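Heads up: the sequence lines are chains A, B, C and D, in that order. All you need for the numbering used here is the position in the first sequence, starting with 1, plus 33. All you need for the numbering used here is the position in the second sequence, starting with 1, plus 33. All you need for the numbering used here is the position in the third sequence, starting with 1, plus 33. All you need for the numbering used here is the position in the fourth sequence, starting with 1, plus 33.
Worth flagging that the hints you see were computed from the coordinates, not collected in a lab. Some hints could be false.
No copy labels: a pair is met if it fits in one copy or bridges any two.
As the list claims (entries may be wrong) - As a list, the in silico DSS-like pairs of lysine-lysine whose alpha-carbon atoms are at most 25 Å apart:
no.: 1; residue 1: 72; residue 2: 256
no.: 2; residue 1: 220; residue 2: 92
no.: 3; residue 1: 288; residue 2: 251
no.: 4; residue 1: 342; residue 2: 72
no.: 5; residue 1: 342; residue 2: 220
no.: 6; residue 1: 256; residue 2: 342
Quantities reported herein were computed from a predicted structural model and do not represent experimental measurements.
Number of protein chains: 4
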Amino acid sequence: MSVSPNRQRLRDIENTGFGPNSSVEGGRLINSDGSTNLKKRGIPIWERTSVYHTLIRMKPRHFFFFVLLWYTSINLIFALIYFLTGVEHLVGGDQAQTYFDKFMEAFFFSSQTLTTVGYGRVAPSGMLTNSIASIESLVGILIFAVMTGLIYGRFSRPRAYLLFSPNILVSPYKDGKALMLRVATYKNNHLTDVDAQLTLAMHVNEDGKIVTRFYPLKLEIQKVNSLALSWTIVHAINEESPLYNYTQEDVVNTKMEVIVIIKAFDDHFSNTVQQRTSYTYQQLIYGARFLPMFNRAADGEYTLLELDKINALEMVSFPENAHHHNGAKA
Amino acid sequence: MSVSPNRQRLRDIENTGFGPNSSVEGGRLINSDGSTNLKKRGIPIWERTSVYHTLIRMKPRHFFFFVLLWYTSINLIFALIYFLTGVEHLVGGDQAQTYFDKFMEAFFFSSQTLTTVGYGRVAPSGMLTNSIASIESLVGILIFAVMTGLIYGRFSRPRAYLLFSPNILVSPYKDGKALMLRVATYKNNHLTDVDAQLTLAMHVNEDGKIVTRFYPLKLEIQKVNSLALSWTIVHAINEESPLYNYTQEDVVNTKMEVIVIIKAFDDHFSNTVQQRTSYTYQQLIYGARFLPMFNRAADGEYTLLELDKINALEMVSFPENAHHHNGAKA
Amino acid sequence: MSVSPNRQRLRDIENTGFGPNSSVEGGRLINSDGSTNLKKRGIPIWERTSVYHTLIRMKPRHFFFFVLLWYTSINLIFALIYFLTGVEHLVGGDQAQTYFDKFMEAFFFSSQTLTTVGYGRVAPSGMLTNSIASIESLVGILIFAVMTGLIYGRFSRPRAYLLFSPNILVSPYKDGKALMLRVATYKNNHLTDVDAQLTLAMHVNEDGKIVTRFYPLKLEIQKVNSLALSWTIVHAINEESPLYNYTQEDVVNTKMEVIVIIKAFDDHFSNTVQQRTSYTYQQLIYGARFLPMFNRAADGEYTLLELDKINALEMVSFPENAHHHNGAKA
Amino acid sequence: MSVSPNRQRLRDIENTGFGPNSSVEGGRLINSDGSTNLKKRGIPIWERTSVYHTLIRMKPRHFFFFVLLWYTSINLIFALIYFLTGVEHLVGGDQAQTYFDKFMEAFFFSSQTLTTVGYGRVAPSGMLTNSIASIESLVGILIFAVMTGLIYGRFSRPRAYLLFSPNILVSPYKDGKALMLRVATYKNNHLTDVDAQLTLAMHVNEDGKIVTRFYPLKLEIQKVNSLALSWTIVHAINEESPLYNYTQEDVVNTKMEVIVIIKAFDDHFSNTVQQRTSYTYQQLIYGARFLPMFNRAADGEYTLLELDKINALEMVSFPENAHHHNGAKA
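Work out the full structure: start from the sequences and follow the hints.
So, in structure tokens, the structure goes:
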């Protein structure tokens, strides 16, 4: 394994990357969707769960099921309270004969109170029932504040809407090689001040023990003013790169993972947006290059970006002397 | 065309600009209002459309039409449900005789439920109708959460409110020339930490093929602490400029486009605001300079900014030796 | 006036300051409260007014008057519509005999609809009246969205809550002099990453014409990690300063104005906050220094910040050789 | 005390730290929870209290008590007004016989109006009562705007959710020593662009007077791209450190306090988050090092972070020559 000599040279940049030094392996670190492949333990689940993060991150269908569940539960609780304190205090709902009918009157009165629709066909009378209804309408307003906040928060949550190429390539670049991936905005958003950070995670042999090390990957262009079309992010594999002199086999042996963080400003969200992804060594194609994914429209009046070509590529071979040339410079 | 030699010198800054290298022409890249002159294709329209961006960006009149349409549609759907499940369960609305009257009772009951106004002259009775009304009031609250959020979001959306001069000038500057444009805030807002980025797009002849290249334009002053009056943004056309030695004809031949991004902090929005525009070669005036657009008020107590003079300019001729002088320095 | 020679030396930093070069005088540029002393003209008032900025900036009392005015107006308009289309369609309000009583029934029905309280003692009947009520409840929800958004927006608007010393001092500093002002947070907020920018505006004689020039003032410490107590902002008047060699008379002659912008992060607003102020030459005290404004609490358990001592100062005289010493270094 | 000579060398960085120079002692400066150990005086309490900060910072239980108190108070006030202006104008509530019953009818009518539930069993009649109800429903909407805003604001307030090690260590590092503390995210949040700032506060002897001085502590790594696991923050105690050559006794004598500010970007809040803490000399352990707190899961598919090991440490002794080695370099 040709890893060790290179690692020496990089000693000064080790430790700069992905949080702390990781001295263990545990599958990939970041999933394709940007979430971390990580579990936490040692404190109770309610202390290590952010309700806000959970509700914002939840799938839409789960979220709406959650809202419905909550609405029904609160209604059931208050219905039970009205039922127990006497449905006869619900004027207009007191003709109900069976227990079931009485409970249902209480249930629907509760939902009319919680949503503040308050038709009034059924209305509370008496101190106790009035007080409960008064509290329920307050509870309704307050909990709906959180619910509606969350719904709008989910709807308007700043997102980058970035499409990443499914593969990361090692392509010919200048007189040598470069690691390349491609990114494009796939919605009608416009990003400015777009900043890319690539971190390489490698499992290296250190004093006979396999440890995970992180290295920042220097980019040819780290920041672009504006991302309207697509952007090919390029890390030149030269003598400053932690991947210098790596063969295709080394990449597999080290179970390389490239973690990508893109940060930008979106002027309609008026906010910073961020998206993460990660490429494992299985997604790496050695000796390929991206084909253009945009061209002039037929009438020449606008530019056409073809999103299904995000991973359009062709295989290429490296010139024999590319390696030598780089080596000579070292 | 004198483009090629200059391009060589700029090799190291090429590729730094507007997203990726564009290897095609497709009309102007950015419209005057800052939107991109771009179409996307390859994934279904619902996947490449951000509903949030569309609704925030929509013209006010279209947005209010959209709200009205949505309100009517939801009402119609629920009215139909009440109608089909039996208007006789709507106590107070059950005297209606004709189908039309019955449907209208259901429709207005629906709107009273959706908005939670719930007069109660018409009120639901029975399990089924009560359940539908209960769900409708929940739906009402949740959808209105998004609607009202969007309305306030549109109203309070951070914007820079910048007025750009309609023309971009090549003016005498120091002993040579400079590209100049002017910007001013036209509302009662106050911007600080104002940052300008200019990117030049040119169609250049490269190995016999016309390709679009992007170059950042270095500014004499790139950032100002505060933008209270007007700001003339100046790019000196010296030997470091990609426009160095360009004649008026070269500018037309290369179909030059200057993309402008202004970013600032607005302390009433408490947010970063951004505005873009773009100048094509047709908007460039060669040999002109801006006249002052503000002066002392009659009583000397305040400064008066005259917004209709944003493009006030006078034609000037360049001194014969300006060109030579610059050339000598090169 | 000793201004001209100094200005030459500063040529390279001129033009860096407060928006554009101002070539006129118009009283002070920034008022003490941070607003600009500026009027705009040339486009219609509705185009140069940001409704959002106006409503957020308005005094509380004016804002509540505005809300009340709006509420009454909308109610009057809808009351008029109900009145004209026939109060007999308002079931429960149709016993009113006089025109005035009828109008008032319509008015209160309108307010019950607008706020969606909808008691139902008075309720709409018939196509037309029901439709108007349906639209009014929609209008109510939508306009209240903006109103409540504005009220919460005003309440939670990120602000720096900074207290500035009413005077700016020229104090002894190291072997020379320095311009000093003092700032403290006066509420229970905690600012971090606090950044100060000082800009000097001077009216200088340039080719026989009085023009306003702006110079950034370099600070001894421009950024502090945390602002818990008070911070004395110091600009050393050394050979790099535009104020170097200025006498007290020069300061008055040039009608000096120092514009201060403080930017920080507040972790309870979770936002960047900003506050501006400005000192004119009348607020400058030559030969004074600030006295400490905080000390140890009696029981030694906490630090006590005395906000009424923000401007506590003592007069001092400059050592004779301070000037010479600096001069020698130049 | 070996403090003085070192302080001389650091003269140029003194004054850079925690707001202003503090010339007094007053217990610790920052509490463990990040709040400041500080009182303010000199302006009235209502001027030096930010209602927003107080309500956002309040404990949940106190906040809900506050909401309930407010709700009851407003209801009582309006109930009193209805009571005084005549309960006979509340149609449906006018059968109440006793003063208490009348007041309770007024109270519950008030709460139905404030929450806009408006059942209508009790409804206002007459100019005066209608006007009061009309104003109450407006007041209700406006105050609930602030309340619901606050509740959602509290719920969604950007927080870093960082767990700090209870102790700060002096550990062996390279050939010398380093100050180390450990931090981990304890919830399901993911931080990027994480920036740490350490400031050292020391009570030093200056011209015979004990004053507090602040020094920034340079970190081996000040910023990490991503904080998924734990991060050990390291300040090397070398010749550039204000702690250079300090013995364990010196640390106690100077009543050292280390103030920690962590700033990061959280992509679900889409906002910058910040957390502070502080370590006093009592929390310092001299001669210890942290043990790893994460490892590979049993099935090797993910990484497991054990939060209860945040302070897991082992005692170590320093090599004899460590000190000398460093000294030689000085």
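Evaluated hints:
1. When the C-alpha separation of residue 72 and residue 256 is checked against a cutoff of 25 Å, the pair qualifies only between copies, where the shortest distance is 24 Å, while the shortest distance within a copy is 33 Å.
2. In this assembly of identical chains, residue 220 and residue 92 lie within 25 Å of each other by CA distance both inside one copy and across copies; the values are 19 Å within and 19 Å between.
3. Taking identical chains as interchangeable, the C-alpha atoms of residue 288 and residue 251 lie at most 25 Å apart only when both belong to the same chain, with a minimum of 20 Å there against 34 Å between chains.
4. Taking CA atoms no more than 25 Å apart as the test, residue 342 paired with residue 72 passes between copies only; the shortest distance there is 14 Å, against 36 Å inside one copy.
5. Taking CA atoms no more than 25 Å apart as the test, residue 342 paired with residue 220 passes inside one copy only; the shortest distance there is 15 Å, against 38 Å between copies.
6. For the identical chains of this complex, residue 256 and residue 342 are intra-copy neighbours only, at 23 Å inside a copy versus 36 Å across copies, given an alpha-carbon limit of 25 Å.
The structure fails none of the hints (numbered hints given earlier).
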